[in-house]
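Enquirer: Here's the letter readout for the chains.
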Amino acid sequence: MKNKNITKIENWLDERFDLSPIRNLISHKKVPVHGHSIWYYMGGISLFLFMIQVFTGLLLLMYYIPGEDNAYESVQFIITKVDFGWLIRNLHSWAANLMVFFVFLHMFSVFFTNAFRKPRELTWVTGFVLLLLSMGFGFSGYLLPWNELAFFATKIGTDIVGVVPYFGDSLKIILRGGEDVTGATLSRFFGIHVAILPAIFTTLLAIHLIFVQRQGMSEPEEFEKLSEKEKKYIPFFPNFVLQDALLWIIVLIILLGLTVFFPWELGLKADALASAPIGIKPEWFFMFMFETLKLLPAHILFLEGELVGIFGFAVVGIIWMFIPFIKLSKKKELNSKIIRWVGLFSLIYIIVFTIIGYL
Amino acid sequence: MNKKYLYEICSILIIFSAISIFGVQSDATNNSSKYVDECIKCHMENEMMPEHFSQTDVHWQKGLSCAGCHGGLSNEPDEEKSMSKSNGFVGVPNKKEIPEFCGKCHSDISKMQLYQPRITTDQVSQYYVSKHGKQLKVGDLNVATCTDCHTTHEILPASDTRSTVYPINVPNTCNACHGDSKLMEKYNMKANQVEEYSQSVHGIALLKNLDVGAPACNDCHGNHGAIPPGVESISHVCGSCHVNNMNYFNNSVMAQPFSDNGINSCEQCHDYHLIEKPNDEMLNVHESSTCTDCHSSSDEGYLSSEFMYNKIKDLSFLYDSTKVISEEVHIMGMNNIEIEYSLKKIKQSLIQSRTIIHTFDTAQVFAKADEGILASTNALILADNEIEEYFNRRLGYGITTFIFILLAAALYWKIKGLKS
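Protein chains in written order, with the working numbering: chain A, 1 to 359; chain B, 1 to 420.
Derived by calculation from the structure, the hints in this document are not laboratory data.
Check each hint, because a few of them may be wrong.
Unchecked claim - To be clear about the criterion: a stretch of chain B counts as covered by chain A if any three or more of its residues have a C-beta under 8 angstroms from a C-beta of chain A, and this derived list gives those stretches:
no. : segment
1   : 329–340
2   : 399–407
3   : 410–418
As the list claims (entries may be wrong) - Far from chain B, some chain A residues (derived; all Cβ distances over 12 angstroms):
no. : residue
4   : 3
5   : 9
6   : 29
7   : 204
8   : 248
9   : 316
For clarity, every value in this text was computed on a predicted model and none was experimentally measured.
Glycine included, every Cβ here is placed at the ideal spot set by N, Cα and C.
Okay, chain B solo, but in the shape it has when bound:
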C-alpha cells in the first residue's frame, strides 16, 4: 500500500519536472527566434543607413520595416536572398514611381484602416489630378511628389509640430520649390508667393501668432490635389471660411458683372497671397480705396462707396468713444456694466456692417450700422448719467458730512457743558 503511494508520488513529480523543463526550453526557443531586422542590422553595421533616417518616422514607429516599402526579406541575413527580385525586392523607386510606391498602402483602405479607421485613401488619385501629378505623368521630374513634401525616412504625422506638413511648417515646405526662382522661371511663375503670404493677414496669424486655425498654402490650394483656384472657384475657396462674405457677394449686384468680365471676386479687392487685414480705408473714395479702381466720381458705385465709408467711420468713431468713456466710468468706480453690454452690441454691429458691405447695398449697411449708432447713443447717455451720479454722490456725501459734523459739534459742546 505504502509502496503504491510512493510510486504515485514519484510519477507526479516526474511529470511536473518534465513540464517545467519543457516549459523552460520552449521559452528559450521563443527567445532565440525573436525577430531581428536584418536590413537595419546590416545597413547600420555598414553605415549605409538612408540619409535623414529618423527613428521618429511614423512608419518605423508603427513597426514597418524597410521591406514594408522596398520589398525583399527583412529576416534573411543573406544579402543575396533578402534583396533578390524573386523575393519581391524593388529597391529605390525612381521619382515617377513614387506616388504608386506610396499608394501601395496609402490607396488601400484595408491596409490603412488598421492604423487609422477614418483615414482617407484618395491621396494618389487626388495627386494625379493636381498640377504636380499631371506634370509628373508627362515626365516632368521637377514637380513635387509625396517625398518632396513628406520627406522619405523621417515622415511624421501632420499633427506633429515637427512635421514638414504641420500647418505652421507648410509654407516653408512649399517654398522649397516655389521659392526657387530658377525653377519657377521654367513654369513662368513668380517665386515670391510665400514671401507675400508671410506678410498677409493669414501669414501673420499663422507664422507670427502661431494660430494654426489660419490658412496655410494647402487650405486654399488643396493638399494632394493642389491646383491654382480659377475665377469661378476663388470665392468658394475664400468662402469656405468667410461664408457670410461669400454669400453676400454672390447674391449682390456685383456678382454677375464680375463674372462676365472675368474678374476674380475676392481677389480683385483683397489680393491673393498678399491679403492685407481689411480696413475701412479700402472703402474710401481716395486713392487707397479699392472701389476707385473701377468706379469714378460720376457713377453710382462711387457715391455708394462714399456713403458706406462715412457711415462705417461714424460707427467706428462712436465705438472708440464709447470704449474710452466706459473705461473712464469704470476708473471713477461707477457702474459700467450696461455700457459694456452696449459696447458689445456696437462692436457686433460694426463687424456685421463691415461684412454686409459685400452686398454693396447702402440701405442694408445703413440699417445695420444704425443699430450700433443707437446702442452707442444709449451707452453715452448711460455714461453721462453715471458721471453725473458720480458727482451727485460726492455732493450728497459732502452735505451729509456737513450735517453730521454739525451734529458732532453740538454733541461735543453738550459733552463739554456736562463736564464743566
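Just chain A, same shape as in the assembly:
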C-alpha cells in the first residue's frame, strides 16, 4: 500500500520533472572499498554539521537581536528563558567548531589520498574556498554574543587586517564599520554571518556537491592499479548512504554529549572602556596563524614582522588552493611525493603551532 503511494508520487513527479538522471545516479553510483574508505565519510559529516548549523542558526535568529545594547542580553535570554534555548545555542557553538574540524580533516584526507588530481581540481578549489568561508563563519559568529573575550579577539583580529599595506586600513574600517570595534561592527558581522556568507557558502556547496556527484568517488592510485576483479565496490544507495547515516548518528550523540557536559560559556558583556582581560585567544582554528604572528620578530629585514607573516599565509593559502595545478617536476611520482611532503609539513605546522598557542 505504502510502496504504491510512493510509486504514484514518483510517477506524478516524473511526468512533470524528468527524474531519470537522479534515478540513474542513485542506481549506478558506486563507492570503492579499500583501506582508506573511511575518509570518504568526512565530507558527509561536514555536510551534516552544516545542516545542523543552518537549522540551529535559524532557530537562534528567532530570538537573537543584533546591536550593542541587545545582543548579549538576547543570547542570555536564549540560554536562560527560552525552552531548549541552551541546547540550540550550545549545539550551534559546538557544531560550528566540529564542522571546521571535519572540513579540515576532509581537506587533508583528500590531500593525502591524492584525490584532488585531474579531473577533480575544481572540486578541490571549491572545497578550499568552503573551508575559508567556514572560518569566516567562525570569525563573524564569534562576535555575535557581544561578550568580553569575543570583543577583544575581534579587535585583535581586525587589527591584523589593518597591517596590510595600502588597503589594510580601509579594509579594517570596512570590516569594523568605523575606526573601532563598536555596535556598527556587530551589525556588520551579523549581516555577514547570516546573509552574505550563507549565500556564497550555499552556492559554492551546491557546485562542490555537483562536482562530487558528476565525478563520482575518487579512487586511490593503488586501487586504480588493481585488476577489475580485485576492485571492490558498494552501491552508493542504499549501502553508502546508510553507512553515512550511521556515522551521522554517532556524531550527533557526541555533539549532544558535548552540549550537555561542556556547555558554552557566555562570559561577561563586552565593555569597550574596560581593559582587555587576560587570556584573549582567537578560535582554535586561527590559533596557528595567531601564534606565528606572535612569535615573529618585530622586523624582518626592512618589513614589519606581522606584515611578513600575513603575506606568507596569503601566499601559502593561494598555493594550497591551486595545488592540483602545480607541477614541480616532470616526473608524476616525484611531483606527488614533493606535494605530499609539503602537505605533511603544513599539517604538522598547524598542529604544533595550535598546541603551542594553548600552552
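Since chain A is already given, all that's left is putting chain B on it; use the hints.
Expert: Just chain B, lined up with the frame of chain A:
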C-alpha cells in the same frame, strides 16, 4: 648712474652689518646679565646650605629663591649688602614667628593665585584657632608650626607621594610629636594614637592597603585648624563620610539620651582611634556586644539588640549559603546569572540592614532584612531548579543516546544484511 647705484648698495650693506653687529652685541649683553642667585652660590661654595635642603622643594621648583622668604638681595654678591636689614633681610625666624613668616605669601591671595588659582589662603588664620596655634600664641614652643609638618627646605605638595603631608605619610608626621610620650605627658595626653590608629579599620585601609581614600589624622581633626572633636561634633566628623549612619542615628530615639548624658555618639560603640571593622557580634547580647555596655537583660534595648542580631545573622547566613550554591551551579555549567543578581540584592539588603541598625528601630531593620531573605529564598529556588535541570539534562541525554544507539544498531544490522 652706475656710481649712484654702487653708493646705494654700499650704504645698505653698511646698515645691515651695523644691525648684525649690534644684534650680536645685545645678545652678548643679555647673556652677561643672566641672573645668578648669589645666596645659593655663596652658601654652596661655603658648604653652608640649610640642613635637608632639596632641589625638589616646591618653592625652589617654582623659582623662589632664599630671598623670597628670608629677604635681602639675592643678586648682590656683597654679603654685607645682600644680607643687610636695610635691604629687607630677616634671617631665620624664631618658632613663634613661623606662621606669620609663611603667611606673608600663603595668606595673600594675590600672590598665591599666581601658582594655583583655587588655592585657599586661610591656613594661618585656621592655625591660630587650632590647639597648636593657641598654645603657640601663649608662648608654648613645643607645639607644631608650619615647618614641623611641612618641613623647612624640602617642602612638597600634598599630592606628592614623598610629601610629609601625603595622606599615607600624615600619621607618621603627626606621630613625630604625638608619639613622643615624654612630650605628650606634659599635656596629659596619651602617645599611642597612631599606634592605635594603625590597627584600626581606617589605619589598615590607609597604611596597609594604601587606600588614600581612607581617613588619616587630618581628615577627622582638620588640617591647619587641628582640634580634638568634642561630644557634639563627633557625629559630624564621622558623618562627613558615613552620612547615612549619622542621619539614622541623629533621628533615632538614642540621639537625645546620648546627648543628655554626654556620651559620644559614634565613639561609644566604635571607639575613636582604634576603630575596629564593624561586625555583627557588636550587636549581640553576649559580652562582646557594645549594647550590653548600657543595656541589661531586663530592658527593651537588650531585647531589640537580640532580635536585630538574630535577624542580621540569619540574613548573613543566607547570603553565604546562596553564594556557595551559586558557585556550585556555575561549576555544574548551569545558568547562575539570575542567582547572581539575587545575590547582589541580598548583599545590598545586608549592607542596608546593618546601616539601618543605627536607627535602633527593630521594625525598620526587619523590613530591610526581609527583602534580602525573600531574594535569598527566590535564589535558592532558582538554584534548586537549575540543579534539577542539570540532572534532567543528563537523563534526557541518556534517553536520547539510548534511542540513537538502538537506531544505530538497527542501521548496522541493516548494513550488515545488505553486505551479505
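Enquirer: Looking at residue 3(A) again, its CB stays over 12 angstroms from all of chain B?
Expert: 18 angstroms, holds
Enquirer: Taking the minimum C-beta separation from residue 204(A) to chain B, is that value above 12 angstroms?
Expert: Per Cβ check, residue 204(A) is outside 12 angstroms of chain B; nearest 30 angstroms; holds.
Enquirer: Residue 316(A): least C-beta distance to chain B exceeds 12 angstroms?
Expert: 38 angstroms, holds
Enquirer: Under a C-beta cut-off of less than 8 angstroms, do 3 or more residues of the segment 399–407 of chain B approach chain A closely enough to confirm the stated coverage?
Expert: holds (count 5)
Enquirer: Per the coverage rule (Cβ-Cβ under 8 angstroms, at least three residues), is the segment 329–340 of chain B covered by chain A?
Expert: holds (count 5)
Enquirer: Apply the coverage criterion to the segment 410–418 of chain B and chain A: a residue qualifies when its Cβ sits closer than 8 angstroms to a Cβ of the chain, and three qualifying residues are needed.
Expert: That given contact holds, which follows from 5 residues of the segment 410–418 of chain B lying within Cβ reach (below 8 angstroms) of chain A.
Enquirer: Taking the shortest Cβ-to-Cβ distance between residue 29(A) and chain B, state whether it exceeds 12 angstroms.
Expert: Nearest chain B Cβ is 15 angstroms from residue 29(A), so the label holds.
Enquirer: Non-interface claim for residue 9(A): all C-beta distances to chain B beyond 12 angstroms?
Expert: At about 23 angstroms from chain B, residue 9(A) clears the 12 angstroms cut-off, so the statement holds.
Enquirer: Can we trust that residue 248(A) is non-interface, i.e. its beta-carbon lies farther than 12 angstroms from all of chain B?
Expert: Contrary to the label, residue 248(A) does not stay out of reach of chain B, its closest Cβ about 10 angstroms off (not over 12 angstroms).
Of the hints listed earlier, the one the structure fails to meet is number 8.
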